[in-house]
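Each residue of the sequence shown is one higher than the last, beginning at 25 in the working numbering.
Keep in mind that the hints were calculated from the coordinates and are not lab data. Cβ coordinates follow ideal geometry from the N, Cα and C atoms, glycine included. Where hints are given, some of them may not hold.
Computed Cβ-Cβ distance ranges for the label pairs, DEER-style [unchecked claim]:
1) E156 / V95: 13 to 23 Å
2) R56 / D162: 19 to 29 Å
3) L147 / D67: 37 to 47 Å
4) E58 / P153: 32 to 42 Å
5) T130 / Q150: 49 to 59 Å
6) T163 / A70: 42 to 52 Å
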Amino acid sequence: MTVTDPVSAPDAEGRPRRTTRRFPLFTRDTARPEGGGRAAASDAPAPARQWPILAVLSAVGLGLLLTALDVFRFGTILIGVALLAGAVMRWMLPSVGMLAVRSRFTDMLTYGVLGVAIVLLALMAQPNPWLEIPFLDDTLHFTVR
Numbered sequence: 025m026t027v028t029d030p031v032s033a034p035d036a037e038g039r040p041r042r043t044t045r046r047f048p049l050f051t052r053d054t055a056r057p058e059g060g061g062r063a064a065a066s067d068a069p070a071p072a073r074q075w076p077i078l079a080v081l082s083a084v085g086l087g088l089l090l091t092a093l094d095v096f097r098f099g100t101i102l103i104g105v106a107l108l109a110g111a112v113m114r115w116m117l118p119s120v121g122m123l124a125v126r127s128r129f130t131d132m133l134t135y136g137v138l139g140v141a142i143v144l145l146a147l148m149a150q151p152n153p154w155l156e157i158p159f160l161d162d163t164l165h166f167t168v169r
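Turn these sequences into a full structure, and let the hints guide you.
This is the structure we're talking about:
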């Protein structure tokens, strides 16, 4: 039995099913990320089915609007908190719709790290930072000043 699909794998008897080890030109069997189903019932309107990502995107949009209106610190903190809320939703909810991009762990890690980084950078922004980390000032003293 010769199969011309690109991926080589043995069948139940141990014979290779495929003739080449190259990846297929078209992927047909990629699974949805865990939790990637609808966040609400299928009879709900489309926005209600995707409420987790709409909540995160709305908060990010409001944060960008605040930043554009010269409320930089509050706007960027809101953006970071929205990403942290996305990480919490990805952790707690069984189905989050399009908020699920990768595996649950990878999504939580990505949203969490980016959210914490944005919040910390917003707190350390000049002038008059709300958070000062002493060793960073010493590092800058030797590298920039």
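Structure-based check of each hint:
no. : hint                    : verdict
1   : E156 / V95: 13 to 23 Å  : holds (21 Å)
2   : R56 / D162: 19 to 29 Å  : violated (48 Å)
3   : L147 / D67: 37 to 47 Å  : holds (44 Å)
4   : E58 / P153: 32 to 42 Å  : holds (39 Å)
5   : T130 / Q150: 49 to 59 Å : violated (33 Å)
6   : T163 / A70: 42 to 52 Å  : holds (49 Å)
In summary, the numbered hints that this structure violates are 2 and 5.
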